[in-house]
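2 protein chains.
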Amino acid sequence: MPPKIARFLETAELPSPCLVVDVDIVAHNWTELARSLPQARIFYAVKANPANEIVSRLARLGSCFDTASMGEIDLCLRHRVSPDRISFGNTIKKERDIASAFAKGVRLYAFDSEAELEKIARSAPGSKVYCRVLMECEGAEWPLSRKFGCEPEMAADLLVRARELGLDAYGVSFHVGSQQTDLTQYDKALVQASALFDALAERGIELKLVNMGGGFPSRYRTDVPSIEAYGAAIREALARRFGDRQPDVIVEPGRGIVGDAGVIQSEVVLVSEKGGNDQRRWVYLDVGKFHGLAETMDEAIKYRLLTPHDGGETAPVVLAGPTCDSADILYEKADYRLPTALKAGDKVCILATGAYTTTYSAVAFNGFPPLASICI
Amino acid sequence: MPPKIARFLETAELPSPCLVVDVDIVAHNWTELARSLPQARIFYAVKANPANEIVSRLARLGSCFDTASMGEIDLCLRHRVSPDRISFGNTIKKERDIASAFAKGVRLYAFDSEAELEKIARSAPGSKVYCRVLMECEGAEWPLSRKFGCEPEMAADLLVRARELGLDAYGVSFHVGSQQTDLTQYDKALVQASALFDALAERGIELKLVNMGGGFPSRYRTDVPSIEAYGAAIREALARRFGDRQPDVIVEPGRGIVGDAGVIQSEVVLVSEKGGNDQRRWVYLDVGKFHGLAETMDEAIKYRLLTPHDGGETAPVVLAGPTCDSADILYEKADYRLPTALKAGDKVCILATGAYTTTYSAVAFNGFPPLASICI
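From first to last, the protein sequence lines stand for chains A and B.
Under UniProt numbering, the first sequence has 187 at position 187, and the numbering climbs by one with no breaks.
Under UniProt numbering, the second sequence has 223 at position 223, and the numbering climbs by one with no breaks.
No lab work stands behind these hints: they were computed from the structure.
Hints may contain errors.
Identical copies go unnamed one by one, so any copy, or any two together, can satisfy a pair.
[Unchecked claim] When the alpha-carbon atoms are kept at most 25 Å apart in a straight line, the in silico SDA-like pairs for lysine to any residue are as follows:
1. 302 x 345
2. 128 x 153
3. 333 x 297
4. 333 x 145
5. 347 x 267
6. 343 x 153
7. 333 x 296
The following block holds chain A by itself, in its conformation from the complex:
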């Protein structure tokens, strides 16, 4: 538990549940990453947590911003981020949104298909574009699907096509998977990126950008490598694979910047048993899968919990949310144990919940309000 948040929770009168984010930790994480990876421009992934205080603080630190929608672009512009510090990083954009972003000065766009390239060429002529490439990566806790990116051979053809369409074929992007803890995955991806640079050079196109996406983890139930270790692994991989012709480098951290800066304070609504041969207690919190903890889907992200009875006797539990939806269960298969003294009304803190919580929250499911949030 971050000390400033612990002190704040001692006296604050908050709705329950509520996310509390320590913006100093956000700034610290950003600064550490910038120091560990001096050759990279950091594009904060706004979707991880678009709180005004976070965007404002990172803007003042000099961060760039990776955005998914006009809503996020307008948010950055409101915080006086100049458009040359904004990437429209979603490969799935309505053409009218591309036109709107272009009118506001955004000149950097992601794509992974010919249809998207044509939209960008029409509505953001001459812009820099980078192609997201599908890569086989392992070791990420929040899995990547094949939703984004195209096969490397197609990427090469599309970058050639980009130049034909009058765009600036700027480079490639990839993503090693969110909450990636295997540092060798960056090197494996850079091998493929470097091969694409070579293939395009043979076709007369000099790529300049490697966008390494995100993947930097938060600490949930298990330890993760430090930000410094990530920086070192990426620096070494870049040196190994690109030698003395180093590319422009972008990273797009979200979770790694804000995840461990946030704590959700929730309340136990009910502790019950089911009878029969089912020995486990069921612990129902006032926050669940539809109110901010969507990343417990398939029990993918396993948060750490703090209770007022920690240190006492524990027993296995099933942990669930407060709604009448049978799918609103947080952990049933993961081996969670909680103190036997836990009872309705107790506060339970869910650690490292600064990323991908508030904005995932349902707008009014079961008549409950969305997850409240405060930055300190």
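Chain A is fixed; fit chain B onto it per the hints.
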């Protein structure tokens, strides 16, 4: 496609995506069910769709309301539903919410554990309570977990305990699973309910209520039995299992009332290919798992789609939402085919989306607004 919605969509200027609900269909479905099951009181499950126009119309028809939270109770009261027509049907309630509901006149509460009973006895003394019982049911498309209910033996003990605590041990509830298409499941559940009535009678408690929950389906990709068939199956099962000592009966339909009354009009954002051996096109809509289509989780609910090119040549697709979340995929395993002529900008209508869509929608994920909704 309901004709009134089709006519409305021809000329209406709507944001995209947008849910359109024909409230006349809602009223028709409610009236059909009331006619088919005259011995039951219908408690509309507000969580399925809490739009003001729906609650208002059903209130005027004389419906009762199954609620999950104070938010839903207050909504009903604002529409002049008297508190004796409201059930606080969530088995997971904060004690201060029970006290608040009691102060507003609500006298009917669900429970499935001793801890919840004690809260109700303290904060809603003398109220009618019914115990949700775990039953083994098969055939539902949206699966039920063990989250709600307790084993029948425990239910019997808890109902005895309810009387000791000064509550009115009113009856039992069960749920056969949402989108239940196997009509024999109601009979199987009533066998167990009737056994509980007998067991409690031996302990001096005369139960009166059987709350049969919901489960009535919408028509998605496959045909489902009619409302009349449901009514007939339940009537016969009640006659068979309770003979001439018929209980009070409650049903709690949500999906079966509003599901097929709604259509989401969405827009194709991108049609793309991935290259390599992957032959399927990817079709990205501007609505996805985090903007109203949460029930596509694990591809559970399979919606029907209409496009402007229906009737033309089709090919297999993967269907996905517009966000930068790799989990925002609607159908990858289910065998969906769409016209090869489909392209960005085309309107795609998603049928039978009146239930469990708007309120599941994320508040601002990826900077996109929540799903818009209009009742006609």
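Results of checking the hints against the structure:
In this assembly of identical chains, the alpha carbons of residue 302 and residue 345 lie at most 25 Å apart only when taken from the same copy (23 Å versus 39 Å across copies). In this assembly of identical chains, the alpha carbons of residue 128 and residue 153 lie at most 25 Å apart only when taken from the same copy (20 Å versus 68 Å across copies). Within a single copy, residue 333 and residue 297 get their C-alpha atoms as close as 12 Å, and across copies as close as 18 Å, so both meet the 25 Å cut-off. In this assembly of identical chains, the alpha carbons of residue 333 and residue 145 lie at most 25 Å apart whether taken from the same copy (23 Å) or from different copies (13 Å).
Proximity of residue 347 and residue 267 under a CA criterion of 25 Å is satisfied intra-copy only: 5 Å inside one chain copy versus 43 Å between copies. Only between protomers do residue 343 and residue 153 lie at most 25 Å apart by alpha-carbon distance; the minimum there is 24 Å, versus 58 Å within a single protomer. Taking the shortest alpha-carbon separations for residue 333 and residue 296, both the intra-copy value of 11 Å and the inter-copy value of 22 Å come in at or below 25 Å.
The structure fails none of the hints (numbered hints given earlier).
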